[in-house]
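**Q** Each chain, written out:
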Amino acid sequence: MQTEFLLQIKDLKASIDNKEILKGLNLEVKPGEIHAIMGPNGSGKSTLANVLTGREIATVTAGTITFDGKNLLDMSPEERACEGIFLSFQYPIEIPGVSMVNFMKTAINEQRKHRGLEPLSASDFLRLMREKKELVEIDSALTNRSVNEGFSGGEKKKNEIFQMAMLEPRLALLDETDSGLDIDALRIVANGVNKIRRPDTSVIVITHYQRLLDYIVPDFVHVLYDGRIVRSGGPELALTLEERGYDWIKKEADVTEETWTTDRK
Amino acid sequence: MENDQDKLLGEVTSGEYKYGFVTDIDTEVIPKGLNEDVIRLISAKKEEPEWMLEFRLKAFRHWQTMKMPKWAHLNVPEIDYQEIIYYAAPKQKKGPDSLGDVDPELLKTFDKLGIPLEEQKRLTGVAVDAVMDSVSVKTTFRETLAEMGIIFCSFSEAVKEHPTLVQKYLASVVPYTDNFFATLNSAVFSDGSFCYIPKGVRCPMELSTYFRINASNTGQFERTLLIADEEAYVSYLEGCTAPMRDENQLHAAVVEIVAERGAEVKYSTVQNWYPGDKEGKGGIFNFVTKRGICKGDDSKISWTQVETGSAITWKYPSCILRGNNSVGEFYSVAVTNNYQQADTGTKMIHIGRNTKSTIVSKGISAGFGQNSYRGLVKVLGKAEGARNFSQCDSLLLGDKCGAHTFPYIEVDNPSAIVEHEATTSRIGEDQIFYCNQRGISTEDAIGLIVNGYAREVINKLPMEFAVEAQKLLQISLEGSVG
Ligand SMILES: Nc1ncnc2c1ncn2[C@@H]1O[C@H](COP(=O)(O)OP(=O)(O)O)[C@@H](O)[C@H]1O
Ligand SMILES: [Mg+2]
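Quick note, the sequences are listed as chains L and E, same order.
Counting in the working numbering, the first sequence runs from 1341 upward without gaps.
Counting in the working numbering, the second sequence runs from 3 upward without gaps.
Certain hints may be false.
[Claimed, not checked] Only part of the chain E face toward chain L is listed, based on derived beta-carbon distances under 8 Å: (1) 52; (2) 53; (3) 54; (4) 153; (5) 155; (6) 204; (7) 439; (8) 440; (9) 450; (10) 455; (11) 461.
[As the list claims (entries may be wrong)] Anything over 12 Å on all C-beta distances counts as not near chain L; from chain E, calculated: (12) 50; (13) 159; (14) 233; (15) 364; (16) 378; (17) 395; (18) 407; (19) 432; (20) 433; (21) 438; (22) 446; (23) 449; (24) 453; (25) 457.
Honestly, the hints are just simulated from the structure, not real lab data.
Where a beta carbon is used, it is the ideal one built from N, C-alpha and C, also for glycine.
Please work from the sequences and hints to get the whole structure.
**A** This is the structure:
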């Protein structure tokens, strides 16, 4: 029996160095849905992305995460990736000496192996590269270099979307993919995401600006504040936030001053 | 290339040393210990002419006046030279000229090591001299090569069959007084390969020697001499492995290369002697002297080494650039994991005008490994227009290992240009996680990163060795993260 939800997070709590960051978070995502998670700096958005992808910065202390009916917390980071979870990193990592081609080829073939598929032939792989490069309008010069090495901030973000196009995930997490992009780059990245999406691809867009949501229109908007989702609504909620800022949320959530202003640098 | 890499990555399942088995074969050994009688005995076993014995004795007498060098960044336990066996030979019928004469156990051993000695099995055009302990077991493709005037045989045979050539070139690059280990080797060397490429001949296949230590408590002291006459070309490969044993074993080899006018020699090594276990027990002590001379104008010698094995490596393949416009190259990847130690590098001695040298050294340290680059670039007064470029990179995995660089530069000619660049980097957990997030396992991620880092050197290896080397790099670093 197919579960209704692709992703189901229940009462999730997670800590970093014994400090609780996620304080009982609930989220349900069906196949094909786009959810936006907004919230001020330091509210735990990236921590949520880390927990979902298995990065061991935060420790899960309570709650469950089910992905496609399976217990996500039992899986290694690479298994989660192979199951179809993709993270567009807020801060993409440089890997000098490893060519984009080799990196992508290894990733794709590992994921195919996980699904019981044969590795792609060299020519099929190169065709796929070409096709996806056009889709996200990324310069060939970039994909001929080492992974993210010497890329500008915008180029790195574009490269994340290119990788997403290559890997065709079932759930894409975009962690502030819009930050550091000028308006043209933003449009290219957002259109890229829209073109890549298949009807059943789910997307979680993490951002604290509304502008990306003009291009990637969400079905739901959630406000993450101090480790909890304090408000959920439709796209109009993003507009309200844009107008009124986060202050009114803060008042409603009624939490102490120092928690929400925790701004990283 | 890409495909091979995928295959390799998939193939690797455990970090164990794959070549640690022992061949069960009757071995003739002489009593342990070192004195003039032992040297006479070795010489007699090899039925050597008088001049060869004299050379050995001269070296031995000199060695007795020497002390083990201590300048390397290595922690070497005391070696008792009287506890070592200096000659061990697998017993087989004399003169294995046809394969039918080679003991099936030996054929099986080399098969298992991936070095089939049947010529028809070797599709890739590589001629092999297979050396087990102190003797050469079999040299393939000798006849084919002989048709072109190329001599490729064991050192012992060369002493008997080509005494003039051997006498002319032996110790002409590494004199018997050179250093403690080279002198010891000159006294007790057992077997190794001899190769002569005549004037104007391009050797049509890769020549290679595969060294295998099998017997316990023995040292291996091979000697290799490569001569490329005017305008000749040869690419030569060397591979080596040894069984896993708890005690350390000594390996002290000498390699000499002579390149006459316009000649080119490429010498590649994939060194995979047993490195010892995770606690640092056992493993080979590898003290090797390798040197080439670009004797004639426009000659070129290129060293490429991938050093993944041995408990201790002490090795500086060098070039004496005597001919005008001669070129020396050194490309090296050295890995130290667990408790391995390596002190390796090169010397480029510029004597002739417009001589050029390139040094690319890539150290990789993991576990408690200690990895040192030691290099000398020396430009003599007459070396007008000499040029050197050195690049020394270190890559660290974890925080308990060490990387060190000791570059020495001595320039006596104002027109010389000597450039040195060095970098140190670390494989970060964030890099590994980034790979994980794309579906790549940690072991494969390290393989990707390390092979990317070492690519510039790996690319210099002949194809067949490049694949082997990539696999080795990954295996030697397994278990070093997480
Ligand atoms: N590596 C880390 N070590 C310690 N604290 C961290 C680390 N990463 C994040 N935090 C803390 O966790 C909280 C949530 O951070 P984060 O999830 O990055 O927020 P957001 O992405 O919403 O800006 C912040 O208080 C931040 O300081
Ligand atoms: Mg963040």
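**Q** All the hints need checking, so say for each whether the structure fits it.
**A** Now for the hints, and whether the structure bears them out:
1. 52: Result: violated, 55 Å to nearest chain L Cβ.
2. 53: violated, 51 Å
3. 54: violated, 48 Å
4. 153: Constraint on residue 153(E) not satisfied, violated at 41 Å.
5. 155: violated, 41 Å
6. 204: violated, 32 Å
7. 439: Hint on residue 439(E): holds, closest Cβ of chain L at ~5 Å, below 8 Å.
8. 440: holds, 4 Å
9. 450: Holds - the Cβ of residue 450(E) comes within 8 Å of chain L, reaching about 5 Å at its closest.
10. 455: holds, 5 Å
11. 461: With Cβ-Cβ at 12 Å, over 8 Å, it is violated.
12. 50: holds, 49 Å
13. 159: holds, 44 Å
14. 233: holds, 37 Å
15. 364: violated, 10 Å
16. 378: Consistent with the label, residue 378(E) stays out of reach of chain L, its closest Cβ about 27 Å off (over 12 Å).
17. 395: violated, 10 Å
18. 407: Holds, since 19 Å exceeds 12 Å.
19. 432: Given a closest Cβ separation of 5 Å, the condition is violated.
20. 433: Residue 433(E) not clear of chain L: closest Cβ-Cβ about 5 Å, inside 12 Å.
21. 438: violated, 4 Å
22. 446: violated, 6 Å
23. 449: The claim breaks: residue 449(E) does not keep its Cβ more than 12 Å from every Cβ of chain L (closest is about 9 Å).
24. 453: violated, 8 Å
25. 457: violated, 7 Å
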